[in-house]
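Protein sequence lines, in the order shown, are assigned to chains E and W.
For my numbering, count along the first sequence from 1 and bump the result up by 3.
For my numbering, count along the second sequence from 1 and bump the result up by 3.
There may be inaccurate statements among the hints.
Note that identical chains are pooled: a pair holds if it fits in a single copy or bridges any two copies.
Pairs of lysine-lysine, DSBU-like flavour, derived with a Cα cap of 35 Å [unchecked claim]:
no., residue 1, residue 2
1, K56, K5
2, K130, K46
3, K136, K36
4, K12, K145
5, K46, K136
6, K130, K56
7, K5, K155
8, K37, K56
9, K123, K59
No lab work stands behind these hints: they were computed from the structure.
2 protein chains.
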Amino acid sequence: MKNPWRKLKGKTIYSGFLGHKVYIDEVVGPSGKKSEYFVVELKDNVVILGLTKDNKVVIEKTWRYPINQEIWELPVGGIEAGEEPLETAKREFEEETGGRSNDWVFLGSHFENDGFCTAKSYVFVAKDVVLGKAENSDENEKIEVELIDFDKLKEMVLNNEIEEVRTKVAVLLYLNGG
Amino acid sequence: MKNPWRKLKGKTIYSGFLGHKVYIDEVVGPSGKKSEYFVVELKDNVVILGLTKDNKVVIEKTWRYPINQEIWELPVGGIEAGEEPLETAKREFEEETGGRSNDWVFLGSHFENDGFCTAKSYVFVAKDVVLGKAENSDENEKIEVELIDFDKLKEMVLNNEIEEVRTKVAVLLYLNGG
Chain E
4 MKNPWRKLKG
14 KTIYSGFLGH
24 KVYIDEVVGP
34 SGKKSEYFVV
44 ELKDNVVILG
54 LTKDNKVVIE
64 KTWRYPINQE
74 IWELPVGGIE
84 AGEEPLETAK
94 REFEEETGGR
104 SNDWVFLGSH
114 FENDGFCTAK
124 SYVFVAKDVV
134 LGKAENSDEN
144 EKIEVELIDF
154 DKLKEMVLNN
164 EIEEVRTKVA
174 VLLYLNGG
Chain W
4 MKNPWRKLKG
14 KTIYSGFLGH
24 KVYIDEVVGP
34 SGKKSEYFVV
44 ELKDNVVILG
54 LTKDNKVVIE
64 KTWRYPINQE
74 IWELPVGGIE
84 AGEEPLETAK
94 REFEEETGGR
104 SNDWVFLGSH
114 FENDGFCTAK
124 SYVFVAKDVV
134 LGKAENSDEN
144 EKIEVELIDF
154 DKLKEMVLNN
164 EIEEVRTKVA
174 VLLYLNGG
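This is chain E alone, in the form it adopts within the complex:
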């Protein structure tokens, strides 16, 4: 398929302190008509399914402002410029949970909302995780780190009790041969 989009001009309407930007582009789309396209540029991210020797998953309980509720999520972190996804995964996992592992496996990567957002997410499993003390470097996150049996988490994913897509997809990829 040939690219059916043509950008005529663009303006940045927001630059956030976490590196995200909002653009409004004037485009000619597949219909041939001019329209506006709204794009959020965001860092790519990593998601970590960390498993201890006894098959427990390191999971976080946090309160997400945009959805105004408490939610269970696997650790996630933004990939900094020049970082490889695996480096980010190791760094973020240790910062957020204190966990370390010598056995990392890449499970997959994908765009998260390609209708308006540039970000790609990279999913890893870390096995034989040894827990330590979290640095909690991001003081503006309130995170409670907990351990949950993988089988219990799997059941929660399949029963629709996990409400966050990154956590779901990581568990499902691992379950199907990660």
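Position chain W against the provided structure of chain E, taking the given hints into account.
Leaving out everything else, chain W in the frame of chain E:
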């Protein structure tokens, strides 16, 4: 967990023609300090895994402007005010692909990027799909509808050849007992 966020004030910096809005809120977060929070308010959406009697999946090839590439995706559509997710799924599936089914099953729902976006995604499988003529009501999308064997799509998901998270999670949920 008690809500650790307090909104002091907010402003809307963008309202798009598809109903999405961008807010910049001034908040007090878990650290007790003031900061800015960037929120994208977006319609919730539905994702449809449509299967024909001979186990082929109705899939779309499209060019996504924000990521500037061609990509394979399951049909997706925004939930309009007052619509139930299942109604949207039936409507969008028929509009985009011409497909109809009398056998719909809900596979799960989840937030897609709860760090900045409000949207929840609802996943359905439609079985025994009968294909018709697409209305292609949204003239500003260039979509090529194709059929792919479910087993082939499954393989592509597990081999990381599918680059879009909604498609991955729908296939994986179905595969694990949908």
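Here's how the hints hold up against the structure:
1. In this homomeric assembly, K56 and K5 come within 35 Å of each other (Cα to Cα) only across copies, at 32 Å, whereas the closest approach inside a single copy is 49 Å.
2. In this homomeric assembly, K130 and K46 come within 35 Å of each other (Cα to Cα) only inside a single copy, at 26 Å, whereas the closest approach across copies is 37 Å.
3. Proximity of K136 and K36 under a CA criterion of 35 Å is satisfied inter-copy only: 24 Å between copies versus 56 Å inside one chain copy.
4. With identical chains, the CA atoms of K12 and K145 are at most 35 Å apart between copies only, with a shortest distance of 21 Å across copies and 40 Å within one.
5. In this assembly of identical chains, the alpha carbons of K46 and K136 lie at most 35 Å apart only when taken from the same copy (26 Å versus 39 Å across copies).
6. Taking the shortest Cα distances, K130 and K56 sit within 35 Å of each other inside one copy (7 Å), while across copies they are farther apart (40 Å).
7. Within a single copy, K5 and K155 get their C-alpha atoms only as close as 46 Å, which misses the 35 Å cut-off; across copies the closest is 25 Å, which meets it.
8. Proximity of K37 and K56 under a CA criterion of 35 Å is satisfied in neither setting, with 56 Å inside one chain copy and 41 Å between copies.
9. Taking identical chains as interchangeable, the C-alpha atoms of K123 and K59 lie at most 35 Å apart whether they share a chain (27 Å) or sit on different chains (28 Å).
Of the numbered hints given earlier, the model fails hint 8 alone.
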